[in-house]
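Knowing the structure of chain A, use the given hints to seat chain B on it.
Protein chains in written order, with the UniProt record's numbering: chain A, 1 to 666; chain B, 1 to 666.
If you're looking for bench data, these hints aren't it; they were derived computationally from the structure.
Note that CB positions come from ideal geometry on N, CA and C, so glycine has one too.
Be a bit skeptical, because a hint or two may be false.
What the hints assert, rightly or not - Pairwise CB distance ranges, derived in the manner of DEER restraints:
1. Ser187(A) x Leu236(B): 37 to 45 Å
2. Ala283(B) x Glu145(A): 52 to 60 Å
3. Glu145(A) x Asp230(B): 41 to 49 Å
4. Ala608(A) x Ala283(B): 50 to 58 Å
5. Ser17(B) x Ala624(A): 47 to 55 Å
6. Glu566(B) x Thr619(A): 33 to 41 Å
7. Thr400(A) x Arg141(B): 29 to 37 Å
8. Asp607(B) x Ala44(A): 45 to 53 Å
9. Ala498(B) x Thr619(A): 31 to 39 Å
10. Thr619(A) x Asp114(B): 53 to 61 Å
11. Arg141(B) x Gly68(A): 30 to 38 Å
12. Asp607(B) x Leu590(A): 34 to 42 Å
Protein chains: 2
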Amino acid sequence: MPRSPRPAPGPLIPTASARGTLRPASEAAITGGLWAARRAVNAAVSVPDGYERLTEAGNFHNLRLAAGTTTGAYVNNLPFLDSDVYKWLEAVAWQLGDPATDPNEAARLTERVDEVTGLLADAQDDNGYLQSYYQVVRPDRRWAELDWGHELYCAGHLIQAAVAHVRTTGRTGLLDIARRFADHIDSVFGTGEGRLDGVCGHPEIETALVELYRCTGERRYLDLAGWFIDRRGHGLLPAGGFGPRYWQDHTPVREADAVTGHAVRQLYLLAGVADVHAETGEAELLIAAERLWEEMAATRTYLTGGIGSHHTDEAFGDPYELPSERAYTETCAAIASVMFSWRLLLATGRARYADHMERVLFNGFLSGVSLDGAHYSYVNPLQVREGHVAGGGDRGAFRTRWFHCACCPPNVMRLLASLPHYLAAADGAGLTLHQYATGAYAVDDVAGSGARAAVEVTTDYPWDGRIRVAVTETPDAEWTLTLRVPAWAAGAWRASAAGEPVAADAAEDGWLRVRRRWRRGETLDLDLDLAPRLTAPPARADALRGCLAIERGPLVYCAERADHPEGTVIDDLRIDPAAPLGERREPGLLGGIVTVRASGAALAPRDAGDWWPYPAAGTGRAGAPAAADITAVPYHLWGHRTQAAMRVWLPALGADEGPAANGAAR
Amino acid sequence: MPRSPRPAPGPLIPTASARGTLRPASEAAITGGLWAARRAVNAAVSVPDGYERLTEAGNFHNLRLAAGTTTGAYVNNLPFLDSDVYKWLEAVAWQLGDPATDPNEAARLTERVDEVTGLLADAQDDNGYLQSYYQVVRPDRRWAELDWGHELYCAGHLIQAAVAHVRTTGRTGLLDIARRFADHIDSVFGTGEGRLDGVCGHPEIETALVELYRCTGERRYLDLAGWFIDRRGHGLLPAGGFGPRYWQDHTPVREADAVTGHAVRQLYLLAGVADVHAETGEAELLIAAERLWEEMAATRTYLTGGIGSHHTDEAFGDPYELPSERAYTETCAAIASVMFSWRLLLATGRARYADHMERVLFNGFLSGVSLDGAHYSYVNPLQVREGHVAGGGDRGAFRTRWFHCACCPPNVMRLLASLPHYLAAADGAGLTLHQYATGAYAVDDVAGSGARAAVEVTTDYPWDGRIRVAVTETPDAEWTLTLRVPAWAAGAWRASAAGEPVAADAAEDGWLRVRRRWRRGETLDLDLDLAPRLTAPPARADALRGCLAIERGPLVYCAERADHPEGTVIDDLRIDPAAPLGERREPGLLGGIVTVRASGAALAPRDAGDWWPYPAAGTGRAGAPAAADITAVPYHLWGHRTQAAMRVWLPALGADEGPAANGAAR
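Isolated chain A, as found in the complex (with noise of 0.2 Å):
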């Protein structure tokens, strides 16, 4: 356990008594690249524009009329529509803490806030309630449907936003409303005489509470965060139309052996189980963490990252039941995955949890929303049909302005704005990178030396492998620069410390460490092989047989339409696996790009008249495949410019035709 250093301001910022193998660092900086990019539009465009689209969409009238100052009918039908709010506020408060945000527009959103902060205390009871759907539409149902009601969930990121909004500005407004709400909470909740022994259909409300706790140094609220994983899994909840399994009922956490039903439901439940480990240090509660983690990534994970295979019910689906074509892997997901794998990474120093982290957040996070950053995607296939046609509501291949349910794009606004931290962690010898953006980091009392150390990353990641660390600032003592040496990587890599080569095995378990006496100025040099390659997917998958995948570096390629010639039906290309790939760097293609060729074939047109698909084996009636050149773009870039077909897994030329009929057979 390292010591103490202070954790620039973002989400989990533990105490100094937490258990944890890293911690985040004491400052994190994006200046450039990929990242900063995304960033600045998240910070120019989306977070402006989410004040807007809540407006339009009539959250904030939905709270007036709580407020008793204005009339009207409650807007949309939803009982979490607040929790949209809250989220966007979470996000002004990261971008307020930015010292990239321009002032004139923090000046802006401090006033968004006073207003809204303003509009919240109005609208809150005076016992500390505050959910506009139940002060309005359903007054004599508060606490009676916790199944769906989200009272508990909305609470939770009222406090989220609270907390981040007191770390970034020092202010307690928000933060007053929020620990209203929560002892109220805490009056009504837990076990015996006249208190409700019920849990949340939504988990979010542990994790939260385990930040307010953190915050105000309150034992009672991290308390109350651990009553409500424990007090989960005992069927308190009604079975409702997807089984106790949807909201994780059927059985405790600490008994659980999947991941189970909506997934951004089970993956905030586990971020508030690895926080309560944190803090309580209870080793059962990491064990089943982990558990269920290495489950979910094992059998239940998109090639993206994406996790929810179900659309129905937004959940996880059986062992790899992975089906590109209907892959719902919903962007709030991803972001739940990333929290996640995170808190599981400051907990055990393992590299895996942030590889998985850079592939949701370079994949299945950031294909949920546009470069535009105006428009956002619910679902996030890995294919779309040839033939496919949009139904209607949210849930659409292709991104749109906004939602009926709202959860994702102030969710995406929330992560973009505080992703800085997720990237850099403190160890118990200096300071870690596990995540690559150029940008500044740095640890406060590196190494128990009572010094700060600093580095410069410069890295045009993920298009270039290469990775300079110059050290900034160091202390006269050793210390210890890590580097996580991506799996997809591992054996293919280079790197020198100050100069000097570094052996190549000196990776272990995906970290490159170096310890030494740094000088300022030193730099510490790490080159990536971003050869393209071919992934292959599991032998269970039955959707994916026969297929492969094209990855470069951190980054899930797909063939869209856009960049085949008139005429090319993706759905029918056929990748040939022996031929090499080659790569192109575009700087005018959607916003400079590498794009990756492969060589192979199209498949001849269906037969008119050919009315039955099924062919006895062996008599494939697929006409000779004529050749063909596929382009693949960036996964995260798909439906960027035209709303087409789009495929990940493109099978390998020869699997279609099958083996040959088995001597019975006629």
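Showing chain B alone in chain A's frame:
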């Protein structure tokens, strides 16, 4: 067009002036074999049990509320509960027309019909309106919620039940009620001042009104059916959460080029389209219906004949979107598909429609009801994974007693009760047997002779491929006896007529036609080769690539846990396509079946700790498979012994390993 012998009582009795290549036979009775056994259970268990289930589920109670003869709350929140009663009544009516029905049981059923008819008469409003939900729960919203209200849908099922009851008993009590409702509808809907220009969110009224026209001779019912078809596709319904394609309101049916949306809605509509064509002769309707049928069969139909890939909206997916594990393939959709294909068969005489009926009947339909006649499935997946966890609600993978939305059980009952009617037909030249079941079939006025031709069929089909058709009545004139040669048996059959071999090239377009001056006692013997065979998926079906399915005759087979040694993981089985298939008759198993044996292997278990499932191409980490035998049973009987893993499509040995890595990859 054949002349117009009166067909036996059953659904779809065309008028004398109707178009069509075939018309239902004048007599059709199933007396032995698989269908006789299933129909006996339907008569002895399912239909009587239906009354009890409807009572328990509150359907009759709700009608009593509408009649004002009881008090209490409306049970269930669905608006179409009356339709369950009507489909059950229709099944009862067909049962009453079956000479095999036990007289005591028939008396009991007659009492039930009288009781329910009285209840409906009491519930019906003076103006003819009848739907308990809008009479009791939302009387102010009649005809105001056509999208989800299902009022015309319920009216359609009432009409079908009434027509069935008249045809089998000659009694008109139910018909009087149905006509009053139909007349009310005819007075409400239509073009012009004061009329409601709208269509029902769920088609069904169209086919029913054509039947009512046939039954009463009132042309305006046929006109109204045509009007509803014409008005659909013009956006008269609100878009709704699933978009206008969900209820086929996006484009007029004459212009549609693909089946879309809710599968049952689409096919009930198309059944009505075929019916209106039959009675009006409008060619464009038939052209559209055949075009849509072909698109459905070629790109959106499972091997079992099941349709509907999406759980969320019970809808067709994109072309070739046919995931086994998440197949929806609702039992009602299979039934609708039989009804639709049968209508196209009668209209055109094309054998492909009969082939398809057979596939659906023996597989995707029959899987929907258990051998005991008391358990039903709503969805009929082609795979249940190891580790599958059933969600809550109606749509679990395994059969259950009854449903909250109980559309499927009475639909199964009415199809089984009327099944003989679907098997044989009069054509201009004689008698066509397009489905095979032991029984007696006849046409009056055969080939214009003025006399009757009758045959007796003896077969143990689908277990045995020998079908003997013995002539029991015949005029002293030439006529043609026509038997279908299923597409899967093309080139693999023998036949003899009156003891003389029939030439191997005598079958044409799926029909074996033998024209002669038949003598009483002569036989036409057809012997279809039922050797088990391996079937391949279409190249474009991503979910099935690298897999093979076992079929035998008309039956699709599946591998189930129950037939394999303890510890076998069904998903890990791999079939060796080069090894011969064996078969074994098992009289004691599942009512007497033929099992199929294949050779293959089983994957080694996943390594513990192998957390990321996507390896570099060419480095597949699955351990060496161990040899394993595979036993397959008919798909329609799956899930009777264990509620455990099952799959139709078996990965071929070697298909997981995938192609070798390319040059550029590491």
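Next on the checklist: Taking the Cβ atom of Thr400(A) and the Cβ atom of Arg141(B), is their distance within the range 29 to 37 Å?
Outcome noted: 31 Å, holds
Item to check | Range hint 45 to 53 Å (beta carbons of Asp607(B) and Ala44(A)) holds or violated | outcome: 47 Å, holds
Next on the checklist: Just to be sure I understand the hint, the distance between the Cβ atoms of Glu145(A) and Asp230(B) should be within 41 to 49 Å; is that true here?
Outcome noted: With a Cβ separation near 45 Å, Glu145(A) and Asp230(B) satisfy 41 to 49 Å, so the hint holds.
Checklist entry - That 50 to 58 Å hint for Ala608(A) and Ala283(B) (C-beta), does it hold up? => result 20 Å, violated
Next on the checklist: I want to verify a distance hint. Is the separation of the beta carbons of Thr619(A) and Asp114(B) within 53 to 61 Å?
Outcome noted: At 57 Å between Cβs, range holds.
Checklist entry - Do Arg141(B) and Gly68(A) keep their Cβ atoms within the hinted range of 30 to 38 Å? => result Because 32 Å falls inside the window, the suggested range holds.
Checklist entry - Are Ala283(B) and Glu145(A) spaced within 52 to 60 Å by their CB atoms? => result Between Ala283(B) and Glu145(A), where Cβ atoms are some 56 Å apart, the hint holds.
Next on the checklist: Is 47 to 55 Å respected by the C-beta to C-beta distance linking Ser17(B) and Ala624(A)?
Outcome noted: Holds: the Cβ-Cβ distance is about 51 Å, inside 47 to 55 Å.
Checklist entry - Within 33 to 41 Å or not, the Cβ separation of Glu566(B) and Thr619(A)? => result 37 Å, holds
Checklist entry - Taking the beta carbons of Asp607(B) and Leu590(A), is their distance inside 34 to 42 Å? => result 39 Å, holds
Next on the checklist: 37 to 45 Å was suggested as the range; check whether the CB atoms of Ser187(A) and Leu236(B) agree with it.
Outcome noted: 54 Å, violated
Checklist entry - If you check the beta carbons of Ala498(B) and Thr619(A), does the distance land in 31 to 39 Å? => result 35 Å, holds
Of the numbered hints given earlier, the model fails hints 1, 4; all others are met.
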